[in-house]
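The listed protein sequences derive, respectively, from chains Y and U. Residue numbers for the first sequence follow the working numbering, beginning at 1002 and rising by one. Residue numbers for the second sequence follow the working numbering, beginning at 75 and rising by one.
Hints are computed from structural coordinates only; laboratory data are not their basis. Ideal Cβ placement from N, Cα and C applies to all residues, glycine included. Hints are supplied without guarantee of correctness; some may be wrong.
Simulated pairs of lysine-lysine, PhoX-like, Cα-Cα distance not exceeding 20 angstroms [claimed, not checked]:
1) U:Lys115 x Y:Lys1047
2) Y:Lys1047 x U:Lys146
3) Y:Lys1058 x U:Lys120
4) Y:Lys1047 x Y:Lys1036
5) U:Lys111 x Y:Lys1047
6) U:Lys303 x U:Lys115
7) U:Lys141 x Y:Lys1047
8) Y:Lys1012 x Y:Lys1184
9) Y:Lys1047 x U:Lys367
10) Y:Lys1009 x Y:Lys1047
11) U:Lys206 x U:Lys174
12) U:Lys303 x U:Lys325
13) U:Lys246 x U:Lys206
14) Y:Lys1278 x Y:Lys1257
15) U:Lys367 x U:Lys120
16) U:Lys111 x U:Lys303
17) U:Lys246 x U:Lys111
FRET-style restraints, in silico, Cβ to Cβ [what the hints assert, rightly or not]:
18) U:Lys367 x Y:Lys1278: 28 to 36 angstroms
19) U:Leu332 x Y:Ser1029: 31 to 39 angstroms
20) U:Ile311 x Y:Lys1058: 50 to 58 angstroms
21) U:Lys111 x Y:Glu1145: 49 to 57 angstroms
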Amino acid sequence: MTRLSVLKTYKIYIGGQFPRTESGRYYSPLDAAGKPLANVCLSSRKDLRNAVVAARKAFGGWSERAAFNRGQILYRIAEMLEGRRSQFVEELMLQGSSEKAANQEVDLSIDRLVYYSGWTDKYQQIFSAVNPVASSHFNFSVLEPMGVVGVVAPQNSSLIGLVSTIIPIVAGGNTVVVLASEKLPLCAVTFAEVLQTSDVPGGIINILTGTEKELIEQFGSHMDINAVLYAGDTAENYKTLQVLAADSVKRIVKFKLNPSDETAENPYLIQDFQEVKTTWHPIENIGGSSSNY
Amino acid sequence: MSTKQKDIQIPDFRFTPTIDKVGVEERVARIQTRSIKGESKIQGMKMVLNMIDLTTLEGKDTPGKVKQMCYKAQHLHEAYPDCPTVAAVCVYPSMVKIAKEALGNSNVKVASVSTAFPSGQAPREVKIMDTKFAVEQGADEIDMVISRGKFLSGEYNFVFDEIAAIKEACGKARLKVILETGELVTLDNVRKASEIAMYAGADFIKTSTGKIQPAATMQVTYVMLMAIKDYFNKTGIMIGMKPAGGISTSKLALHNLLMVKETLGENWLDNHWFRFGASSLANDVLMQLMKSKTGVYQSGDYFSLD
């Protein structure tokens, strides 16, 4: 008797769980030959709302975690990704990559995770400062994570685009709600499975699949999203984001790099989603007129 | 006991009806599939706000915190026009006077827990003194706890007499009787305790103290609502209902309202007969109301903390 193979249900990832979209809808992205790849959740604005709630809840714990421990957890993601590389290679090839390109993309994604896991307890030293002031104060500026960051992942990349955009944000202590590539969503869902098995607490990274068109306004207007990274390629959507962000004074950043390029890994991508907190601390300064910091 | 209640035949509580647990679960599940939208949702949420007993029952309560909560009770969210006030604030007896002063002559009532809340493990004289103290301080409502230990060991008369004694000590204040359903184990016990409380003179029956999990589940609330209905059919006396603890989303609150309307009817859809004991529910409802007004999902950053 022939056996029917069991196909995977591509579900979304919210708060460490894999619900189906609340709307019950799906879409079928096509492969290069025009054949449907899989049925993927078409997320609604309510899914986005649920994801933001989960991300907000997770933010306190994640941002207060020791920086070193955040690095350990990111490193663990890299380890788990390595263990499932064949699955990612297969999915990348299904979505039109050559075997060589697929292997390179997985390698690069793993390396990038390791790269940012190293940065979690170092970017603070690089970007913080002790500031010279003309009074008896010890004045210093430090970075603090912004909160919940929305990400619209690059359209033309399935895995490396996702990793390159979300990992620096998470490394900096933020939590993320990401909309995966509409055309190439498969690796995003599989990446969620990697996250779930690699010590990442639920809600830190929430992954939705669906269309930019439907969700872009919600990313812009939601009062509880503190910043958005736009890595899509639709100028109109980017403009919509900027206009709607005005109400909640949200920071909107455009991701202009090619994720496969080595320039797409640098600590400035962490800094993009940090607030600078400056503290004036009174100090004793007997008899002196100037401050030596 | 009031003159009206003197004529009522008190049943033998050993023979209260037993509960079909599966049936209750199915009924509740069906109510939970219902979706309330648009105008009705907004109307429902305003009603929910107006039924909330804004509660703080912690060892670390201070006069400052109580005053701040009383301010919130009267001014839920200035950015929302025509926002109703909550029904009452619920505090410990030692905070009643402070709450009363802070509320002034607004129509927000002061409810006080009493009878050695939350455990109820104290002699009757102490419980009566506790209650009298709260009433003297100005409490409009008293939330008492039943002696669950006595109830579970079958001493129903003890529980009955105790409630009756506290009712007497309440004077004009309305009495809410907390069954603490999380400790009663079965729905049969919930039904029995509800009947004891109502026949002994409760004006309200209330699910929980909020200190024990599970608290106000829909199943438990449904059983208590049915007990109120049967009592009303027998005696013609309306009893209020207050689910407390664990109701923190507006969706759940709306489902509770729906359940009240379908079990007891519209007469109970009023804060004289139905309350929510909650501390974080108000903010969730306000955020939903602002969402429907502005069309934009809201952030807790723009609402008061407690």
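query = In ascending order, which of the hints set out earlier in this document are inconsistent with the structure?
reply = 2, 3, 4, 6, 7, 10, 12, 14, 16, 17, 20, 21
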